[in-house]
Amino acid sequence: MATSREQTTQEQQLPPPDGDFYGIVGTLSQEDRSLLSRVRAFMEEKVAPIITIIG
Amino acid sequence: MDGLVTMELSRVDPSIATFHGVHSGLAMGSIYLCGSEEQKQKWLPQMARMEKIGAFGLTEPEIGSGVASGLTTTARREGDEWVLNGQKKWIGNATFADVTVIWARDEEDDTVKGFLVAKGTPGFLAEKMENKMALRVVQNAVITLDECRVKEEDRLQNANSFKDTARVLRMTRVAVAWIAVGCGMGAYEHALAYAQQREQFGRPIGGFQLIQDLLTQMLGNVTACQCMVWRLSQMQDAGEMKAEHASLAKAFCTTKTRETVGLARELLAGNGVLIDYNVGRFLADAEAIHSYEGTRQINSLIVGRAITGFGAFL
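Protein chains in written order, with the working numbering: chain A, 284 to 338; chain B, 429 to 742.
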């Protein structure tokens, strides 16, 4: 049986890791944010899954 | 914006960011800052589309920090051609680049000049360096130039001394500072995700005070570096950035990133040395970033000269 502390941990929505703590990207124009999102998507979808294998 | 894109590349893999920096910063930057209009038209559009890839040959096997006064690769004028002789080392992308910018000392007037050497030029041999512990996706080469002939039209027409080489480096050191920021950011985010999942004593380790202290130190470093390079890029865009501004950011951010990835490694304990957990990769890459395009010590001398008024270079 889970303790109340464990239940709290399981139910808690944890904040996603985000290294942009001061929100620099948020100061950009919509166009620039969109470009940055495309770069992030490419790196996370195409590079991240294989980088520990080839690197 | 270029800086933030560089940060995003490095956040996942500093090797990809370094490949991009060599191509778009060092190689394209040399042509952009030192090339003639004809050279710019010939190379830059294709390079911008990445149909042609560039490399940048400055460092030599025996000359690293001392390139400004100690370049040993030579250029000899013969009619409408230049004959290059010497060796380069650590040249990223050179094993497959379509064009490599080679910096050499003119035998006649002793000044440093730049040359665009196309892939396949006789006398140009690029051999891949093996067994690197860092930036493992980047292919670095030892280049041997043996009576390598380049036409006068392929000499960078506006590169007349090492001061012109330094203009390229001043620009690309900004990008290296951004690469350092991305490297620290990636390590921090992987460490935080790990701390949220990894359990010890029946609880996620992210809930422990000492772990939160490590994460806060990392985040402080990353955030301080982001704000620094953000302002630096504003100065660059406004035409206000001097060499010492770029050097301070390169020296500071790469040093703080070393600290950040070290803290991330500490948080992951044994798993921090496994490539599978990513942090170990960032740890190794931070060592390379700290050294390339000007060591911390060389960049400190550039800053030191500006703030004291005394040059301390040997």
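Since the hints were made in silico from the structure, they are not lab data.
Glycine residues also receive a C-beta, built at the ideal position from the N, C-alpha and C atoms.
Where hints are given, some of them may not hold.
To be verified - With a straight-line cut-off of 27 Å between C-alpha atoms, the simulated DSS-like cross-links for lysine-lysine are:
no., chain 1, residue 1, chain 2, residue 2
1, B, Lys591, B, Lys670
2, B, Lys480, B, Lys547
3, B, Lys468, B, Lys560
4, B, Lys468, B, Lys517
5, B, Lys480, A, Lys329
6, B, Lys560, B, Lys591
7, A, Lys329, B, Lys591
8, A, Lys329, B, Lys579
9, B, Lys579, B, Lys560
What the hints assert, rightly or not - Okay, the calculated beta carbon distance ranges per label pair:
no., chain 1, residue 1, chain 2, residue 2, range
10, A, Pro298, B, Gly551, 54 to 60 Å
11, A, Leu318, B, Ser464, 28 to 34 Å
12, B, Phe738, A, Phe325, 33 to 39 Å
13, B, Phe636, A, Arg316, 32 to 38 Å
14, A, Thr310, B, Asp537, 46 to 52 Å
15, A, Gly309, B, Asp574, 35 to 41 Å
16, B, Asp704, A, Ser312, 36 to 42 Å
17, A, Ser312, B, Lys468, 36 to 42 Å
18, A, Phe325, B, Phe524, 35 to 41 Å
19, B, Gly667, A, Pro332, 39 to 45 Å
Against the structure, the hints:
1. B:Lys591 - B:Lys670: holds, 13 Å
2. B:Lys480 - B:Lys547: holds, 10 Å
3. B:Lys468 - B:Lys560: Violated, at about 34 Å.
4. B:Lys468 - B:Lys517: Status holds; Cα separation ~26 Å.
5. B:Lys480 - A:Lys329: holds, 21 Å
6. B:Lys560 - B:Lys591: violated, 31 Å
7. A:Lys329 - B:Lys591: violated, 39 Å
8. A:Lys329 - B:Lys579: Distance of about 40 Å is beyond 27 Å: violated.
9. B:Lys579 - B:Lys560: Roughly 35 Å between the alpha carbons, so the hint for Lys579 (chain B) and Lys560 (chain B) is violated.
10. A:Pro298 - B:Gly551: 54 to 60 Å: holds, 58 Å
11. A:Leu318 - B:Ser464: 28 to 34 Å: holds, 31 Å
12. B:Phe738 - A:Phe325: 33 to 39 Å: Violated - the Cβ-Cβ distance for Phe738 (chain B) and Phe325 (chain A), about 47 Å, lies outside 33 to 39 Å.
13. B:Phe636 - A:Arg316: 32 to 38 Å: This hint holds: roughly 35 Å between Cβ atoms.
14. A:Thr310 - B:Asp537: 46 to 52 Å: About 49 Å separates the Cβ atoms of Thr310 (chain A) and Asp537 (chain B), which means 46 to 52 Å holds.
15. A:Gly309 - B:Asp574: 35 to 41 Å: violated, 54 Å
16. B:Asp704 - A:Ser312: 36 to 42 Å: holds, 38 Å
17. A:Ser312 - B:Lys468: 36 to 42 Å: violated, 28 Å
18. A:Phe325 - B:Phe524: 35 to 41 Å: violated, 21 Å
19. B:Gly667 - A:Pro332: 39 to 45 Å: The hinted range 39 to 45 Å holds for Gly667 (chain B) and Pro332 (chain A), with Cβ atoms some 41 Å apart.
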